[in-house]
Amino acid sequence: MRLSVVRRRLEERERLLSPYAARSFESRGRETPEEPSPVRTEFQRDRDRIIHSKAFRRLKHKTQVFIAPGGDHFVTRLTHTLEVAQIARTIARALNLNEDLAEAAALGHDLGHPPFGHAGEEALSDELRSLSGTTDPAPPAEGFRHAEQSLRVVETLERLNLTWEVRDAIVNSSKVREDILAEGYGTPATLEGQIVKLAD
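For what it's worth, numbering that gives the first Met the number 0 labels the leading residue of the sequence shown as 0, then goes sequentially.
Treat each hint with caution, since some may be false.
So the derived label-pair ranges between C-beta atoms look like this [stated by the list, open to error]:
| no. | residue 1 | residue 2 | range |
| --- | --- | --- | --- |
| 1 | Glu121 | Thr186 | 17 to 27 Å |
| 2 | Arg57 | Trp163 | 23 to 33 Å |
| 3 | Val38 | Trp163 | 21 to 31 Å |
| 4 | Arg92 | Ser129 | 41 to 51 Å |
| 5 | Ser36 | Ala122 | 32 to 42 Å |
| 6 | Lys53 | Pro18 | 16 to 26 Å |
| 7 | Arg14 | Leu127 | 42 to 52 Å |
| 8 | Arg151 | Thr78 | 43 to 53 Å |
| 9 | Pro18 | Glu82 | 21 to 31 Å |
| 10 | Glu11 | Glu34 | 17 to 27 Å |
| 11 | Val4 | Ser131 | 54 to 64 Å |
| 12 | Leu127 | Leu16 | 24 to 34 Å |
Worth flagging that the hints you see were computed from the coordinates, not collected in a lab.
C-beta: ideal position from N, C-alpha, C; glycine also.
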């Protein structure tokens, strides 16, 4: 398929990014190949798919942090996600990296997070341990990890068919302790993915 003038212009702009930036036209692709969009780059398509997903809309019902439990102001996962996306996009712009990739990864980074923040994640891990009959703290691979669940959401539940770069940034967005996991685990392959991890 011949690329449209709009798509060509978008890709020409990507060529002006830092040599360290990820470019959508050099993406490692999708699980299921698709025809290119005439008016959006691959990372822009990913961003739009995430925004229009049911999982993204459900973030508005999940609390993240209670600022004033006695008051009416609390942060939802949606609010937090939009803040992370804005910060990631700003940092990517300042470093002349791919803003669309940073934004897409930031918008998808918490799609698998349970309600009640990390306390909800710990409760699910405790439940998994009780079901397995052990009282030992489960290694992260055996406990509930929201980053891995986020990847399941976009791949299995929503079937968004995102690019490899966005999926890599999503699954590696969670902060992990290096003494628990092998060296290099949890490090996004792109600088844009690393920005999302820092912005979070």
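message: Need the list of violated hint numbers for this structure, in ascending order.
response: Numbers 6, 8 and 12, in rising order.
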